[in-house]
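Undergrad: What follows is the residue order along each chain.
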Amino acid sequence: MSLDTVSLSGRKKEVVNNKMNFWESLYLIAIAKGLWITLGHLFTRKVTIKYPEQVRPVSPIYRGQHLLKRDEQGRENCTACGLCALSCPAEAITMKAAERKPGEEHLYREEKYAEIYEINMLRCIFCGLCEEACPKDAIYLTLSKKFVKAASDREDFIYGKDRLVMPLEMAIANTKTN
Amino acid sequence: MDQAIIIEKGIVIVAVFAITMLMAMYATLAERKIAAWLQDRIGPNRAGFGGILQPLADGLKLFSKEEFMPDTPNKFLFLVGPAISMSMALMTSAVIPWGDKLIVGGREVILQATDINAALLYVFAVLSVGVYGIMIGGWASNNKYSLMSAMRAASQMISYEVAMGLSVIALIMMSGTLSLKEIALQQQGMNWNVFYQPLGFIIFLVCSFAETNRTPFDLAECEAELIGGYHTEYSSMRMGFYLFAEYASMFISSAILAVLYFGAYNYPGMEWMAQNVGVNVANGIGIGVLFLKIFFFIFFYMWVRWTIPRFRYDQLMHLGWKILIPLAIVNIIITGVVILLFQ
Numbered sequence: 150m151s152l153d154t155v156s157l158s159g160r161k162k163e164v165v166n167n168k169m170n171f172w173e174s175l176y177l178i179a180i181a182k183g184l185w186i187t188l189g190h191l192f193t194r195k196v197t198i199k200y201p202e203q204v205r206p207v208s209p210i211y212r213g214q215h216l217l218k219r220d221e222q223g224r225e226n227c228t229a230c231g232l233c234a235l236s237c238p239a240e241a242i243t244m245k246a247a248e249r250k251p252g253e254e255h256l257y258r259e260e261k262y263a264e265i266y267e268i269n270m271l272r273c274i275f276c277g278l279c280e281e282a283c284p285k286d287a288i289y290l291t292l293s294k295k296f297v298k299a300a301s302d303r304e305d306f307i308y309g310k311d312r313l314v315m316p317l318e319m320a321i322a323n324t325k326t327n
Numbered sequence: 003m004d005q006a007i008i009i010e011k012g013i014v015i016v017a018v019f020a021i022t023m024l025m026a027m028y029a030t031l032a033e034r035k036i037a038a039w040l041q042d043r044i045g046p047n048r049a050g051f052g053g054i055l056q057p058l059a060d061g062l063k064l065f066s067k068e069e070f071m072p073d074t075p076n077k078f079l080f081l082v083g084p085a086i087s088m089s090m091a092l093m094t095s096a097v098i099p100w101g102d103k104l105i106v107g108g109r110e111v112i113l114q115a116t117d118i119n120a121a122l123l124y125v126f127a128v129l130s131v132g133v134y135g136i137m138i139g140g141w142a143s144n145n146k147y148s149l150m151s152a153m154r155a156a157s158q159m160i161s162y163e164v165a166m167g168l169s170v171i172a173l174i175m176m177s178g179t180l181s182l183k184e185i186a187l188q189q190q191g192m193n194w195n196v197f198y199q200p201l202g203f204i205i206f207l208v209c210s211f212a213e214t215n216r217t218p219f220d221l222a223e224c225e226a227e228l229i230g231g232y233h234t235e236y237s238s239m240r241m242g243f244y245l246f247a248e249y250a251s252m253f254i255s256s257a258i259l260a261v262l263y264f265g266a267y268n269y270p271g272m273e274w275m276a277q278n279v280g281v282n283v284a285n286g287i288g289i290g291v292l293f294l295k296i297f298f299f300i301f302f303y304m305w306v307r308w309t310i311p312r313f314r315y316d317q318l319m320h321l322g323w324k325i326l327i328p329l330a331i332v333n334i335i336i337t338g339v340v341i342l343l344f345q
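For the protein sequence lines, the chains are A and B, in the order given.
Okay, so the first sequence: first residue is 150 according to my numbering, each after it adds one.
Okay, so the second sequence: first residue is 3 according to my numbering, each after it adds one.
I should point out that these hints are in silico values taken from the structure, not numbers from a laboratory.
For every residue, glycine included, the Cβ atom is placed at its ideal position computed from N, Cα and C.
One or more of the hints may lead you astray.
Said to hold, decoys possible - To spell it out: a stretch of chain B is covered by chain A in this simulated footprint if at least three of its residues, at any positions, have a beta carbon under 8 Å from a beta carbon of chain A; those stretches are:
| id | region |
| --- | --- |
| 1 | 42-54 |
| 2 | 305-317 |
Claimed, not checked - Just a sample of chain B residues kept apart from chain A, beta carbon distances all over 10 Å, derived:
| id | residue |
| --- | --- |
| 3 | Ile36 |
| 4 | Gly108 |
| 5 | Gln345 |
Said to hold, decoys possible - One side of the interface only, derived from the structure: several residues of chain A facing chain B at Cβ under 7 Å:
| id | residue |
| --- | --- |
| 6 | Ile178 |
| 7 | Gly183 |
| 8 | Thr187 |
| 9 | His190 |
| 10 | Leu191 |
| 11 | Thr193 |
| 12 | Lys195 |
| 13 | Thr197 |
| 14 | Met319 |
Okay, chain A solo, but in the shape it has when bound:
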């Protein structure tokens, strides 16, 4: 069997170049058929997702907005080692380290923490290399399941700790499931 007789889809049609007969040349039947097809589409299910209200389900490994993780006691994992900033090919991450003071043990897991942690979302290419580089399990792109939304101001794209650190409720919920 030669290749041009095979129909993989099962919808293969031979093209004919015959002259149209009288009824075909009127096009009326073809137009009626076309109208019937479009009428069918009038009643099919619409594929639109009404975005802000409905969100398209994302895959479990979808890389969205970054999340700075807290551990099971609600303490921030990040120790401001700077490996994520070093690994970042787009140079989107900056941070400033600070030393943990006595009485802050419930906030930060280790003696050093990130006082300022900023990601420039205009530079970020969402490659996930920061996540791979992190030795403390602190930064994740797959957990937040959030999109980085558009904004009208460049300043709005520099995400600080207020938007990056995992919310406490989420940390509490995580401990309950464990």
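Once you have looked at the hints, place chain B on chain A.
TA: Quick look at chain B alone, frame taken from chain A:
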């Protein structure tokens, strides 16, 4: 008595005008919604419930846009173009019988702005003036694209007017009158003209697509080749007028199709209703029936738009001059022979 007639006609005219404008407004929304549904989308749904306020938002946007005037020596004509288009689209609604009559306070109110005995001629006269709106607008824009598409539109409308007129002649031979009111009255019950003039109806329908510049005959605007067609240089509400005129004329030509071929406001059992329930109820339902027919044709215009691709210019002329006009003449001959044999 004279005053009463003036008041009565005034109310009818204002109502017809308002309804035509409202229909044209919501035809824009219907177009977008139907386009979306036929393409498995939802369409505009943010302004108001399900997008019901979208036409208002569109109008507001058009009003707030900058009015641009191209560097043209024909500034006056540039302003007149959209005005002609709009007023010609609205003028036709004067002769359409929207219903038979209502009895208000012992007076018979005839639901028609004016019943002139040459209504059909009037419709064709107004339609052919409508070409001027497009032609003047395209000419005064001082832009090659506008001029080219205006020329296309003008030649298209003029050639299809011939076939349209010829297809209606067969109908006039049958009905023996030019008055739309009498044509409507003759189609009582299911005695619709479309059953006696199927060929004439198809010719008229195709020509009405061409007259309103709708797909598959939207050569005047074909965005792919001519940017925006004859209104390329127009902005703000002047362009809005052109777009609005298109929808208004779509509504009017749907009304004419319904009146001429689909029995106007008549429906089976109308006489029984008039005798047993009351004239007002029977005719009120009649108005509703006429609007249902009009809605169907408006839907049909939009349905066809998203089904059939645009004609090429030579195909358009071929269809108009070599197919539709001979067919219309054949239709006249057949009608004449049948009338001679059976009357």
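Undergrad: Work down the list of hints and note, for each, if the structure agrees.
TA: So, going through the hints one by one against the coordinates:
With a cut-off of 8 Å between beta carbons, the region 42-54 of chain B has 4 residues touching chain A; three or more are needed, and the interface restraint holds. Coverage of the region 305-317 of chain B by chain A holds. Counting CB-CB distances below 8 Å, 5 residues qualify, and the rule asks for three or more. Against chain A, the non-interface label of B/Ile36 is violated: not every CB pair exceeds 10 Å, the least being about 8 Å. Listed as a non-interface residue, B/Gly108 keeps its Cβ farther than 10 Å from every Cβ of chain A; the least gap is roughly 47 Å.
A cut-off of 10 Å between C-beta atoms confirms that B/Gln345 is not in contact with chain A; the least separation is 31 Å. For the restraint placing A/Ile178 at the interface with chain B, the shortest Cβ-Cβ distance is roughly 13 Å, beyond the 7 Å limit, so the hint is violated. Given the 7 Å rule on beta carbons, the hint for A/Gly183 holds: about 5 Å separates it from the nearest Cβ of chain B. The beta carbon of A/Thr187 is positioned within 7 Å of a beta carbon in chain B (closest approach about 5 Å), and the interface hint is therefore held.
Hint status for A/His190: holds, given a least beta-carbon distance of 5 Å to chain B, under 7 Å. About 5 Å separates the beta-carbon of A/Leu191 from the nearest beta-carbon of chain B, less than 7 Å, and the hint is met. Taking 7 Å as the C-beta contact cut-off toward chain B, the hint placing A/Thr193 at the interface holds, the least distance being around 6 Å. With a least beta-carbon distance of about 5 Å to chain B, the hint placing A/Lys195 at the interface is held under the 7 Å criterion.
Taking 7 Å as the C-beta contact cut-off toward chain B, the hint placing A/Thr197 at the interface holds, the least distance being around 4 Å. Checking A/Met319 against chain B by beta carbon gives a least distance of about 31 Å; that is not within 7 Å, so the hint is violated.
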